[in-house]
Amino acid sequence: MQTPESWLSVVPPLVAITLAILTQRVVLSLLVGVFSGALVLASGQPLIAIVSTLETFIWPAFIEEDHLRVFAFTLLMGAMVEVIRRSGGMHGIVTLLTPI
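One rule links them: number in the numbering used here = place in the sequence shown (from 1) + 7.
Any given hint could turn out to be false.
[Said to hold, decoys possible] With beta-carbon atoms standing in for the labels, derived distance ranges:
(1) 99 / 49: 45 to 51 Å
(2) 96 / 28: 43 to 49 Å
(3) 29 / 80: 26 to 32 Å
(4) 82 / 28: 35 to 41 Å
(5) 106 / 20: 35 to 41 Å
(6) 25 / 50: 33 to 39 Å
(7) 104 / 76: 31 to 37 Å
Hints in this document: simulated from the structure, not taken from any laboratory.
Each residue gets a CB set at the ideal place from its N, CA and C atoms; glycine is no exception.
Using the sequences and the accompanying hints, generate a full structural model.
Following this line, the structure appears as structure tokens:
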């Protein structure tokens with residue numbers, strides 16, 4: 008049986024995807040999506056949603072060793088891509104790959 012509130016489960020992913028497309032800031036969009044999910048779970052109470060977001064969803068992800076390794080690898084990979092982009096390496100690769 009479906010409850011009237013079940014449509015709210017679609018809101019957090021839609022918020023995250025829409026924000027990511029509009030702002031092109033993926034991490035911030037995902038955090039807002041997680042917060043909006045916590046807001047739905049907290050029945051619209053923002054203070055409870057903030058505490059829940061930090062305590063239940065964010066903090067446990069940072070204290071697990073395997074998650075920290077993935078997080079550090081992702082940050083380093085993103086930093087390296089940005090270094091390559093700023094040094095003109097991406098433009099060089101695109102120039103080599105595009106037909107004349």
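Outcome of the hint check:
no.: 1; hint: 99 / 49: 45 to 51 Å; result: holds (49 Å)
no.: 2; hint: 96 / 28: 43 to 49 Å; result: violated (26 Å)
no.: 3; hint: 29 / 80: 26 to 32 Å; result: holds (28 Å)
no.: 4; hint: 82 / 28: 35 to 41 Å; result: violated (23 Å)
no.: 5; hint: 106 / 20: 35 to 41 Å; result: holds (38 Å)
no.: 6; hint: 25 / 50: 33 to 39 Å; result: violated (23 Å)
no.: 7; hint: 104 / 76: 31 to 37 Å; result: holds (32 Å)
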